[in-house]
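Enquirer: Here's the letter readout for the chains.
Protein chains: 2
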Amino acid sequence: MLDAVLDDGRVAHVAVLDDKDGQPYVVPVGYARDGDTVLFHGSTASRLFRTLAAGAATCLTVTRYDGLVLARSTFESSMHYRCAMVLGSATPLLGDAKAAALERITEHLMPGRWADARHPSPKELAATLVLSLPLTEWSVKVSDAPPADLEEDLDRPVWAGVVPVREAHGDPQPAPDLLPGMTVPAYVRAWAADVRA
Amino acid sequence: MLDAVLDDGRVAHVAVLDDKDGQPYVVPVGYARDGDTVLFHGSTASRLFRTLAAGAATCLTVTRYDGLVLARSTFESSMHYRCAMVLGSATPLLGDAKAAALERITEHLMPGRWADARHPSPKELAATLVLSLPLTEWSVKVSDAPPADLEEDLDRPVWAGVVPVREAHGDPQPAPDLLPGMTVPAYVRAWAADVRA
Numbered sequence: 001m002l003d004a005v006l007d008d009g010r011v012a013h014v015a016v017l018d019d020k021d022g023q024p025y026v027v028p029v030g031y032a033r034d035g036d037t038v039l040f041h042g043s044t045a046s047r048l049f050r051t052l053a054a055g056a057a058t059c060l061t062v063t064r065y066d067g068l069v070l071a072r073s074t075f076e077s078s079m080h081y082r083c084a085m086v087l088g089s090a091t092p093l094l095g096d097a098k099a100a101a102l103e104r105i106t107e108h109l110m111p112g113r114w115a116d117a118r119h120p121s122p123k124e125l126a127a128t129l130v131l132s133l134p135l136t137e138w139s140v141k142v143s144d145a146p147p148a149d150l151e152e153d154l155d156r157p158v159w160a161g162v163v164p165v166r167e168a169h170g171d172p173q174p175a176p177d178l179l180p181g182m183t184v185p186a187y188v189r190a191w192a193a194d195v196r197a
Numbered sequence: 001m002l003d004a005v006l007d008d009g010r011v012a013h014v015a016v017l018d019d020k021d022g023q024p025y026v027v028p029v030g031y032a033r034d035g036d037t038v039l040f041h042g043s044t045a046s047r048l049f050r051t052l053a054a055g056a057a058t059c060l061t062v063t064r065y066d067g068l069v070l071a072r073s074t075f076e077s078s079m080h081y082r083c084a085m086v087l088g089s090a091t092p093l094l095g096d097a098k099a100a101a102l103e104r105i106t107e108h109l110m111p112g113r114w115a116d117a118r119h120p121s122p123k124e125l126a127a128t129l130v131l132s133l134p135l136t137e138w139s140v141k142v143s144d145a146p147p148a149d150l151e152e153d154l155d156r157p158v159w160a161g162v163v164p165v166r167e168a169h170g171d172p173q174p175a176p177d178l179l180p181g182m183t184v185p186a187y188v189r190a191w192a193a194d195v196r197a
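The listed protein sequences correspond, in order, to chains D and S. Each residue of the first sequence is one higher than the one before, counting from 1 in the numbering used here. Each residue of the second sequence is one higher than the one before, counting from 1 in the numbering used here.
It is worth saying that the hints were derived from the structure and are not from the lab. A portion of the hints provided could be inaccurate.
[Claimed, not checked] Straight line, CA to CA, 16 Å or less: simulated EDC-like cross-link-like pairs of lysine to aspartate or glutamate:
| no. | chain 1 | residue 1 | chain 2 | residue 2 |
| --- | --- | --- | --- | --- |
| 1 | D | K141 | D | D8 |
| 2 | S | K123 | D | E152 |
| 3 | D | K123 | S | E152 |
| 4 | S | K123 | D | E76 |
Using the sequences and the hints, build the whole thing.
Expert: Shown next as structure tokens:
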């Protein structure tokens, strides 16, 4: 279930604690799971990412918001969701592992793209921090049940049920400076079939 | 722009630092903006929420993931997103302010529902922590531009552009124990028109 939730998401929220004043930050990142690790990347120019790369304790949370649960009472009303929370410390990847991790992240977010786009140059690699967080301490919560009303609320003349939420790709929008004659690649067109949640 | 991002989202990610061991957590919450504050709620049984209620420094981040940006290079490839980050300390609401905040959160997540569903009982109110975080220290980042490739990459025969991502409500699914004859309310049917991002 942990793998399924991580593989279904595209954006994770990562905690970073500022050493100086103890202020926590929650930063969105693109990521990918690779076996028993989560990979994510940021800029070497980011102080928060450098803090993570130095081994600060962190939490990476991926939440898939799947719908609204309408109970007869507002108290029992809630959301359908799948949430994976990973605790630990990240390690910066270097050399071949770093390049492989960038391929993995690209292919998770944009399947098929790695074979088509230009790969990172040495200068670009040097400007990128790639972090690996092991899947050793984690929890997963899933809410996917119908409304659970109190017995005494079941006779209320109120509609109850679930309104699902779906995430889908829209029509690709070509860049204004696209070369004439370039058409949307088949692997991009295939994303339209990938309706998540 | 801050208001627009907060008003368009439904799930925020909140940082909580565990006093004991300094471990940060990132927890998803339903929320609503109310003027110059963000309101969110949790259970009084949650240690992390009690930590927030005691005034711990926190960060509440709302990220709207709007699409994939396919540049000719993987390095310049990225996402379209809108991200609001709010720093500060939350205050627990009590009495009328607490009840009003719960109405506000319900109406943000489920417009029209408050007039229809049963309101919280005193016992349910007592089991709920409602927190208010002021919008005083915050930042907003928006990425909504076409791919920004290096000049030297523009002649590559690679498709470039943006693939938007949209979030939409699916068909309402009635609860298995719904009273006979109850139909989907008009305010719920209206949500289907609310395609976000």
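Enquirer: What hint numbers does the structure not satisfy?
Expert: Of the numbered hints given earlier, the structure breaks none, since each of them holds.
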